[in-house]
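Two chains, each in its own frame: build the complex with the hints.
Residue numbers (numbering that gives the first Met the number 0), protein chains in the order written: chain H, 0 to 307; chain S, 0 to 291.
One should not assume that every hint holds.
[Stated by the list, open to error] Here are the simulated distance ranges between beta carbons: (1) 26(S) / 157(H): 25 to 35 Å; (2) 206(H) / 190(S): 50 to 60 Å; (3) 56(S) / 74(H): 21 to 31 Å; (4) 122(H) / 18(S): 16 to 26 Å; (5) 57(H) / 164(S): 22 to 32 Å; (6) 228(S) / 45(H): 32 to 42 Å.
[Claimed, not checked] Partner residues are not named here, just some residues of chain S that face chain H (Cβ under 10 Å, in silico): (7) 13; (8) 84; (9) 90; (10) 99; (11) 109; (12) 188; (13) 214; (14) 219; (15) 242; (16) 245; (17) 261; (18) 269.
[To be verified] To be clear about the criterion: a stretch of chain S counts as covered by chain H if any three or more of its residues have a C-beta under 8 Å from a C-beta of chain H, and this derived list gives those stretches: (19) 45-57; (20) 150-162; (21) 249-260.
In case anyone wonders, no lab produced these hints; they're calculated from the structure. All C-beta atoms in this analysis are idealised placements derived from N, C-alpha and C, irrespective of residue type, glycine included.
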Amino acid sequence: MTMKVRESIPSPRRVRRQNPLGERGIQGLLLACALVSIFTTIGIVVMLVVQALGFFRSVSIIEFLSGTKWTPLFQPQHFGVLPLVGGTLLTAGIAILVALPVGLASAIYLSEYARDRVRRAVKPLLEILAGIPTVVYGFFALTFVTPLLRNIFPSMIVFNALSAGLVMGVMIIPMVSSLSEDAMMAVPRSLRDAAYGLGATRLEVATRVVMPAAVSGIVAACILALSRAIGETMIVAIAAGSTPKLTLNPLESIQTMTSYIIQVSLGETPHGTVEYYTIFAVGLLLFVMTLLMNLFSQWFVRRYRERY
Amino acid sequence: MKKDPAFRQQLRTRQLRGRSFSVLFLMATLTGILVLTVLLVDVLRDGIGWLDWQFITSYPSRKPDEAGVLSALFGTLWVMVLTALFSLPVGVGTAIYLEEYAPDNRLRRLIQTNINNLAGVPSIVYGLLGLSLFVQALALGRSVLAGALTMTLMSLPVIIIAAQEAIRSVPQAHRLGAYALGATCWQVVRHIVLPSALPGVLTGSILAMSRAIGEAAPMIAISALVYLTFIPTSIMDRFTVLPIQIFNWVSRPQAEFGNLAAAGIIVLLVVLLSMNATAIILRNRYQRRTEE
Chain H
0 MTMKVRESIP SPRRVRRQNP LGERGIQGLL LACALVSIFT TIGIVVMLVV QALGFFRSVS
60 IIEFLSGTKW TPLFQPQHFG VLPLVGGTLL TAGIAILVAL PVGLASAIYL SEYARDRVRR
120 AVKPLLEILA GIPTVVYGFF ALTFVTPLLR NIFPSMIVFN ALSAGLVMGV MIIPMVSSLS
180 EDAMMAVPRS LRDAAYGLGA TRLEVATRVV MPAAVSGIVA ACILALSRAI GETMIVAIAA
240 GSTPKLTLNP LESIQTMTSY IIQVSLGETP HGTVEYYTIF AVGLLLFVMT LLMNLFSQWF
300 VRRYRERY
Chain S
0 MKKDPAFRQQ LRTRQLRGRS FSVLFLMATL TGILVLTVLL VDVLRDGIGW LDWQFITSYP
60 SRKPDEAGVL SALFGTLWVM VLTALFSLPV GVGTAIYLEE YAPDNRLRRL IQTNINNLAG
120 VPSIVYGLLG LSLFVQALAL GRSVLAGALT MTLMSLPVII IAAQEAIRSV PQAHRLGAYA
180 LGATCWQVVR HIVLPSALPG VLTGSILAMS RAIGEAAPMI AISALVYLTF IPTSIMDRFT
240 VLPIQIFNWV SRPQAEFGNL AAAGIIVLLV VLLSMNATAI ILRNRYQRRT EE
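Isolated chain S (complex conformation) (with noise of 0.2 Å):
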């Protein structure tokens, strides 16, 4: 068997097949890395050189020279503090009544299938019902709070599904421990439940929050002006995003508003890491926390 030619030539391909075969699939999963960094090169290249104090410091003008992110840094840090207010204890409270709470009937079903489902719908649709519903409906205008509602019912199904996993890892034995103990459910979440799900579900929130943070699509129909020399000061004002800012200066020809363009974006990618940098040392610090 071992001497038959012919069996020999075509191990020899298939072995050859494997091997190339083997190659091409490293090379699949390079190329996203590739991108990222091509990506991540060609922003800093273009952006680096007009990133600068008085970028940070400027409000956005018609000249390249003079334009900044002011207003649409603080507005995006207004609606990241407004938005993680009231998506977190919708969330977790979500999270919580689905996992410790809920009998398993047709209902939790129902509120279960519902989240999946809206973690699925386009951004730009959440925009649509903000739009209608919260600047308009309920005559909120757009203003800074009609930005961050919208943005607390888009991140709020990512929120929640990354909480119930974080409360699904805490051990059962645990909680019938408390109960055995006469520990009423409400304690049983309070003082066992939550404390050693909160690592995980920090940093599922925080990284759900970061994304909602970078999509541009919804607060465009939300707040689609774009000039704004202002920075908010109530939760009424007109606001713009980092991202619709970058967007508008994408859409211009000029490659001066290119170069703004790719500064802001580094604003941004700044902004959106220091969250998941917040992510991660709070899931250090706490995860010491409980292990003492």
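One chain only, chain H, in its complex shape (with noise of 0.2 Å):
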């Protein structure tokens, strides 16, 4: 191993001659500390996709990737992945739809409207909202959203994608609106006041100047959070029921994948058996899904940011 210090750094090295084996032991440590995030990734791949083969030698994976039917924990067994698949975007997509709006129009709020206290006053609000445990969401979205709801649609019943949704939708406004925010922030004020020179009220320079140019960051902020409400397990696992089910019907139970995998964890099922790889192959699936679309948001960010 070679010792490199940063260019920046003038690298000291008379001294490490004096001390040579305590310096090199140090940085040593130091590199397995970082190695472990690379032993963890590995790890994640390696144990997924080991156990999934384990499940994919009794199912094909066209059966498990277009079957519409998922019933592998009775008979007759069934192990087509679509249903959890949709029961998750159904979910995700409602959640999606409130934080979109909310976020950013808190977004234009912070950066645009508010004065500096009460930026300061309301940012630190927004971060308790996400720092909330998920389990409490979902006791919230089972024992007030959903009869709140059942007030509304009488035909609900008391598992359902809907309330599920909306509440995972609060959770992810926070994750929206600050990543939104810092991407309008990072805008010039030379572009404001230019537009502001024209004689643009508010409204028009926060959506047709300030917008346009933080756009690369808003889609990713959506992406980041869209791959969150995928990864979503406790609000699902207690509020959206768990019948495997493709439908677009907020109102009905669903499952989603996260919560398939809380149901067979909290089971008694035996290790080795297809069953018990069924979690191990959505999981991979699950992990698949959420990897793709941060790798995209990051080089969505990469790829359109306006550089000023």
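Pasting the structure below:
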């Protein structure tokens, strides 16, 4: 291993020679810490792939990815994951329908309208919202939002996609709003001043100058929030039900990929059976979906960022 | 121009539209805060009547009147302390390596990208990793240790990112001054960088860990068991944590268990709140000391 210090810092080579073991030992130790994260990723990928292979020995990938019936826990068994994916996208879709307009509007308010004092008061409150444990949101969805919604839709069942999706939307508002706000704050003052100079109103500046200039950050924020919603577990496990079903009706009970994993984890599924391996196949699909979205949002920011 | 009625009409509509949208934006901002208030009031209303000393000092029970959070509370404290012991040194070490030691090469970029991506991995996937790696492959069983190691892996990326930000905020001039005096890289880190970055590192790490402590999903994958009538006495004992206990109570149809869940949520929120308060107090204390 070569000793290198980043360019900006002069390399203190002479001193190191006096005490090479200590310095080198510490550097090795720190490198080992940094490698933990690499091994975590390798661990996740190897673990998911190996265990999922246990599943794909009994079920073909094509049946898994294209089947429309998911009944692994009772006879006759079907291993089509689409109902779980459908349930996941339904709740995440509802969540983003809530979080996108509200989060974006609050980002515009915080970056374009609010005075410094208001911003300093509001931002910590939004952070508290982001720090509430998801099981608490699940409780809220089931015991508060669902009864409320059932007054409006009397036909709705207790466990439903709508209530879970709405609460999940509230959960990801802070994410959409703070990431979009960062992007908008990065738009230079001169652009705004130019627009004001032409007689634009505050709204016109916000929607026609600032938002277009910050669009890469806003899109990335939305994709990250959607990926978070897809991976969210406890709200849907508590409030959305456990009926794998391909439906677009948000008033019905559904099951998401994450809540299926929870359902199996809670039961007494014996280790080594196909039923047990299903959670790793579903987990692998979940991991790939969220990873692709995260990578896409990083690429999107790099590709479409406006530089000033 | 000013007297052109069409222009004035248009100006009025534009200003009106601007004003109404500003109200709309303000309302959107308040939505989150409103929901937060409603949520807290809902939890307090449902749970405060059930929260008493008996609730804190009892084990879970089939009878709601006798049930409590003792085993879950201690399980959470166990996991919290062990996670802090594992994740703080590794997380801060990684941050120091990336910020102070690593040459700007492919390895450093790989580690950095990798950490950013790990921060976006759903928590349930960490649960699956813990289940197959710690519980089964390393044969730790459904123990406190397996739970804490899983929590460690999950909270590491966030801790690293927070620690990096704190380390980056130390002025470069301080480092260069120490190097000019002949300090080694580690001496600079130990005596210059760490003391002034510590408040930020601690605050960020504790906040990251408080997020992890509230997570139920990975812990359910590790410790499916929910009825525990003992407090873990060693790191190899089985355990349950507050979020699992709350989830268990929420999933029961009887209304009394809903109240127990709310009372459990209050306990969990108090634990998280005291962690956050600790972070703030630590930050204030150290900040004053470094300013002296």
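**Study point:** Supplied contact hint for residue 245(S), tested at 10 Å Cβ to chain H
**Key:** Result: holds, 5 Å to nearest chain H Cβ.
Check your understanding: Any CB of chain H closer than 10 Å to the CB of residue 269(S)?
Key -> violated (12 Å)
Check your understanding: For the stretch 249-260 of chain S, do at least 3 residues have a Cβ located nearer than 8 Å to some Cβ of chain H?
Key -> With 4 residues close enough to chain H, the hint holds.
Check your understanding: In this structure, is the beta-carbon distance linking residue 228(S) and residue 45(H) contained in 32 to 42 Å?
Key -> Cβ of residue 228(S) to Cβ of residue 45(H): about 37 Å, so the range 32 to 42 Å holds.
**Study point:** Residues of the stretch 150-162 of chain S with Cβ under 8 Å from chain H, three needed, outcome
**Key:** holds (count 4)
Exercise for review: Determine whether the Cβ-Cβ distance between residue 57(H) and residue 164(S) falls within the hinted range of 22 to 32 Å.
Suggested key: violated (47 Å)
Point to revise | Per-residue hint verdict: residue 109(S), partner chain H, C-beta under 10 Å | key: holds (7 Å)
Practice item. With 50 to 60 Å as the target window, see if residue 206(H) and residue 190(S) comply at their CB atoms. Key: holds (51 Å)
Check your understanding: Between residue 26(S) and residue 157(H), is the Cβ distance one that fits in 25 to 35 Å?
Key -> For residue 26(S) and residue 157(H) the Cβ distance comes to about 30 Å; the hint holds.
Exercise for review: Answer holds if the nearest beta-carbon of chain H is closer than 10 Å to that of residue 242(S); otherwise answer violated.
Suggested key: Where the cut-off is 10 Å and the nearest Cβ of chain H is about 5 Å from residue 242(S), the hint holds.
Review point. How about residue 13(S): closest beta carbon in chain H under 10 Å, or not?
Key: This hint holds: residue 13(S) lies near chain H, its Cβ roughly 5 Å from the closest one there, short of 10 Å.
Point to revise | Proposed interface contact between residue 99(S) and chain H, which counts if any beta carbon pair is under 10 Å | key: holds (8 Å)
Of the numbered hints given earlier, the model fails hints 3, 5, 8, 18, 19; all others are met.
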